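**Q** Fit chain B to the known structure of chain A by using the hints.
Here is what each chain is made of, one letter per residue.
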Amino acid sequence: MGNLQHHSPTTLRVNGKPRTLTVDHRRVLLDLLREDLDLTGAKKGCDHGQCGACTVLVDGRRVNSCLLFAVALDGCEVTTVEGLSGDGEEPHPLQRAFLERDAFQCGYCTPGQICSAAGVLAEAAAGHPSHVTAPAAPSGEPVPLDREEIRERLSGNLCRCGAYPRIAEAVEDVIS
Amino acid sequence: MTGSVGAPAERREGREKVGGTARYAAEFHSPGRAQAWPVPSTVARGRVTGVDTAAALEMPGVLTVLTHENAPRLAEPDDPTLVLLQDARVPHRGWFVALVVAETLEAARAGAAAVRVAYDAEEHDVTLTASHPGVYVPEDANGGHPALREQGDPDGAFGSSAARVDVAYRVPPLHNHPMEPHTSTARWEDGRLILHTSSQGTGAVRAALAGLFGLPEERIVVTAEHVGGGFGSKGTPRPDVVLAAMAAHETGRPVTVALPRRCLPAVVGHRAPTLHRLRLGADTDGRLASLVHEVTTHTSRIKEFVEQAAVPARVMYAAPNSRTVHRVAALDVPSPSWMRAPGEAPGMYALESAMDELATELGMDPVELRIRNEPGVEPDSGRPFSSRHLVECLREGARRFGWAGRDPRPGVRREGPLLLGTGVSAATYPVMVGPSTATARALPDGSFLVRINATDIGTGARTVLAQVGADALGVPLERVLIEVGSTELPSAPLAGGSSGTASWGWAVHEACAGLAGRLAGHAGPLPAQGLEVRADTTGAADSESEFARHAFGAHFAEVAVDTVTGEVRVGRLLGVYAAGRILNARTARSQFVGGMTMGLGMALTEGSTMDAAFGDFTESDLASYHVPVHADVAGIEAHWLDEEDSRLNPMGSKGIGEIGIVGTAAAIGNAVHHATGVRLRELPLTPDRVLTGLLDRWT
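Protein sequence lines correspond, in order, to chains A and B.
Following my numbering, the numbering of the first sequence begins with 1 at its first residue and continues without gaps.
Following my numbering, the numbering of the second sequence begins with 1001 at its first residue and continues without gaps.
Since the hints were derived computationally from the structure, they do not count as laboratory data.
Please note: incorrect hints may appear among the correct ones.
[Unchecked claim] Result set (SDA-like, lysine to any residue): computed pairs, CA atoms no more than 25 Å apart in a straight line:
id : chain 1 : residue 1 : chain 2 : residue 2
1  : A       : Lys17     : B       : Pro1031
2  : B       : Lys1303   : B       : Pro1133
3  : A       : Lys17     : B       : Pro1133
4  : A       : Lys17     : B       : Phe1028
5  : A       : Lys17     : B       : Thr1021
6  : A       : Lys17     : B       : Gly1019
7  : A       : Lys17     : B       : Lys1303
8  : A       : Lys17     : B       : Arg1023
[To be verified] Here are some chain A residues the structure puts well away from chain B; computed CB gaps all over 12 Å:
id : residue
9  : Arg13
10 : Gly41
11 : Asp59
12 : Ala72
13 : Pro142
[Said to hold, decoys possible] Not the full set, but computed from the structure, chain B residues with beta-carbon under 10 Å of chain A:
id : residue
14 : Ala1114
15 : Val1117
16 : Arg1262
The structure displayed is predicted, hence computed values, not measured ones.
Just so you know, even glycine gets a beta-carbon here, dropped at the ideal spot from N, CA and C.
Okay, chain A solo, but in the shape it has when bound (with noise of 0.2 Å):
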């Protein structure tokens, strides 16, 4: 019993550099990012999985950050909105269609809306159906996603400032 752990070496590589911590086993990825990496990016809206606002990607797929422990994701691959882009000083496409579409106001939910938006594309790509994908859909083709497609897969990230349309037409544009 004198021998519990509380605290385990984990790595991850985060925005493709591997980053070794001694993590505590209570902590999650977005408290990870946020207090030992200062990748700010990630917001905590609910610190519950209510609101997206810490939504990055973990191997390519989103994932609400606040609920995985980030001692349970040794060897993963995360991406964060400060890592979407790559090495590249020009922004992604998803940043650049938020910001020509103003599809943002207090910015708070702004970085999980486009890691979601990116983790849509992906999935929609990979054939995954939403809810509102028609049941005779090919199996396994990638869903075109028209404005429907997008506003539900969306729905796990909540904007207070009501900035919905607009971030629609940014994904759509994106898409085009």
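**A** Just chain B now, kept in the frame of chain A:
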């Protein structure tokens, strides 16, 4: 004029926001920073009889536990909700009774869970009814409006009216829930307090801290560079400010207090529930003879805040006889406060629903009914309007929406299981403006620096103020730099009451126009430090106007009601506004649409319940309190008229941050009635209520 004002200029902080580099209040790391976690009361009324902190203090990483027994003593503040950890009293459930400060978030949270608090609980009363024995008529409602106004003989005129509507509506408690929870990071350095906070106005935060801690304001710096929304709930300092400053003082470390989402409903203010009784009496042509709007609401035991929901009825329609009155009961509930369009949002829901009921009663088109009751002067005050284009908004909205030829019969448009309908509502919001200071400096490199303690909570204030400055200087927008969001800058009022841009813009305009004048008379190169002009609009911006000044608008909604599930879907929402000069078409549209979206939530999804047994808001997180999501928002359009009004401020602008929510819920509710023939008078219009209504009507 170079014409920056009105242009759809891109947000100046946009790149930082989409890139994730914009820093919010919790994101100022410094060596040794500690984290704190509050402990909320679990009784609704009583006293703390003991706080056992031993288990928490033994936990690794816990630095201290502040309670009313050991927290620093504070001077009495103006705002009783900031009297934190000063005594054993518990005025409502969720009131903070301890704060755990620790090395990490995890340790603070675990520490808070380990604190054992004993209470002497007393019977509580949290249930508002119109007949509550504690109900009284206060002197004033929020905003300094008299609680009671009466003109003529409203009861007599109502009694003798040919067409009458006598109805009651209920708006539940609502929560602001900005995406960034209330957060402060504090540190003390050589007797100075430095605070990063998520606030709509750092000046008020500094003033409150100066009072509480007995410090001169010069020794306090408060910044709010980026703020993740507020919607009224960050208008004045909230508990995080005081707790962070206390914890940093006690530990000698920088401390961040980021309030857990579940704590917000109880401690940052909420829109109080409002019970409305509306009586409208009109002649057969629809002309109002009597308008009575009676509002009953709640406040807490520690603070009187009265949602001024009957006030818009003093502005909207010509009725020779009227009574508008607010009643309030002080209950063992959290203190209510401002939420986007306090007064107007719930008040216009009730008034505009009742107008729709009157139109139905008269068999008259609801757009026409409103036009027929257009007043020549402000009904309650008798003052002329500085500008009022409600009729034009209604007509333009009707044209864009395709209102003409609408079949007025309710409950007749079916598409499979869906019933379809359309509805209209008017909107209004007062023009408020306050004195502000600003400086403008011409720099030798040809750029200009405007400095003002405005706060950009997402409105685009930085961008719009730079536009105002550029035009006053007569230079291109890109040559104007701007600094906002710190008490180190020239003092300015908060971002609230849709008054920010008018108040700040006035001072920026004056400073920049003054600087342009100085430069015109200046020969030779500028000195190294540049040339600076300071403006102070005290005396001008706060002078009494002989005019009634309000923005107006019209909302149109199209809904589909599913008769199987009871679900209401808003297919289209269209708003037309007359809000003076629009200073930035891009950011303005976003604000209007954002307000309408919150109105959609008010209509269909948002509602909180005060649990009678536990004295708690049942819907206290974002899984239970449903703000609208992407899938709820189909087509929302915002348009505006080119309204010229020289009686406002140098820019000719009215506020636009709040009017979008006003009337939206009524337009949707009226459309639901048109679709179904069912008049639901309690928000939100959730499937359970819709289905019950449909059952009553259709079986």
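**Q** Against which earlier hints does the structure fall short, listed by number upward?
**A** When the structure is compared with the hints, numbers 3, 7, 10, 14 and 15 turn out to be violated.
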